[in-house]
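Asks: Sequence:
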Amino acid sequence: MSENKSKIGVSWSPNLAPLIAVKKPCLEKVQEPQSSVWKRDSELVDGLFVPPRDPKKLNKLLKNKVKDTSGGSWFDMPAPQVTPEAKKDLQILKLRSVIDPKRHYKKEGSKALPKYYQVGTIVEPVSEFFSGRLTKKERKSTLADELLSDGTFNAYRKRKVREIEEKHRPSGVEKWKIKGNQTRKRSKQRRHSS
1 MSENKSKIGV SWSPNLAPLI AVKKPCLEKV QEPQSSVWKR DSELVDGLFV PPRDPKKLNK
61 LLKNKVKDTS GGSWFDMPAP QVTPEAKKDL QILKLRSVID PKRHYKKEGS KALPKYYQVG
121 TIVEPVSEFF SGRLTKKERK STLADELLSD GTFNAYRKRK VREIEEKHRP SGVEKWKIKG
181 NQTRKRSKQR RHSS
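Start counting the sequence shown at 1; every next residue gets the next number (UniProt numbering).
These aren't lab readings, by the way, just hints derived from the structure by calculation. Nothing here was measured: the structure is a model prediction, and the numbers come from that model. A hint or two may mislead.
[As the list claims (entries may be wrong)] Simulated pairs of lysine to aspartate or glutamate, DMTMM-like, Cα-Cα distance not exceeding 25 Å: (1) Lys160 - Glu138; (2) Lys140 - Asp100; (3) Lys102 - Glu138; (4) Lys160 - Asp150; (5) Lys137 - Asp100; (6) Lys67 - Asp54.
Let the hints inform the model, and build the full structure from the sequences given.
Replies: Shown next as structure tokens:
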């Protein structure tokens, strides 16, 4: 009677390898070390990999594998991908001294765009709700869009363009002078044709 009863519960037995040492082909993947000199079997020449003899080439191999960060003193800030929108914003930040006539900034040392940067969102405190806050209408996706929608910046920009055009416009007798050979020929033709 006890033989017919089904067992209730879970039984477990470990899967042990046989005690006899039998070599089986290893099916597990070998963990590749993080060294840049390590090569897979498919990349080896005659089963051997000889690193380059030139230390400069070896250093270049090692440098390619290192993550591109700003360093430990800058908390290993990664170098982000530069999109066209981000490039425009960075160029505007470079030219920020031209944007506002009332503010003066320190001269920039390099003309190149920065390699390492981060973009964040400014969260205004509750006390600046009426004074220093941008409304939802004024907020744009990029810095360039915000500047173009700003009325005071547009007026300042138009005034400056007008000043530059007036400065370079010929005045007095110069505007009536014929400049260049092509205009001389045309004026000569006009004189003789009538």
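Asks: Straight-line Cα separation of lysine 67 and aspartate 54 no greater than 25 Å?
Replies: holds, 23 Å
Asks: Holds or violated: lysine 160 with glutamate 138, Cα cutoff 25 Å?
Replies: Within the cut-off at roughly 24 Å; holds.
Asks: Taking 25 Å as the top limit, are the C-alpha atoms of lysine 140 and aspartate 100 close enough?
Replies: Given pair lysine 140, aspartate 100 holds - Cα atoms ~19 Å apart, limit 25 Å.
Asks: Holds or violated: are the alpha carbons of lysine 102 and glutamate 138 at most 25 Å from each other?
Replies: holds, 22 Å
Asks: Next pair to validate is lysine 137 with aspartate 100; report whether the Cα-Cα distance is within 25 Å.
Replies: Judged against 25 Å, a Cα distance of about 22 Å means the pair holds.
Asks: Checking one constraint from the list: CA of lysine 160 to CA of aspartate 150, max 25 Å. Satisfied?
Replies: holds, 16 Å
The structure fails none of the hints (numbered hints given earlier).
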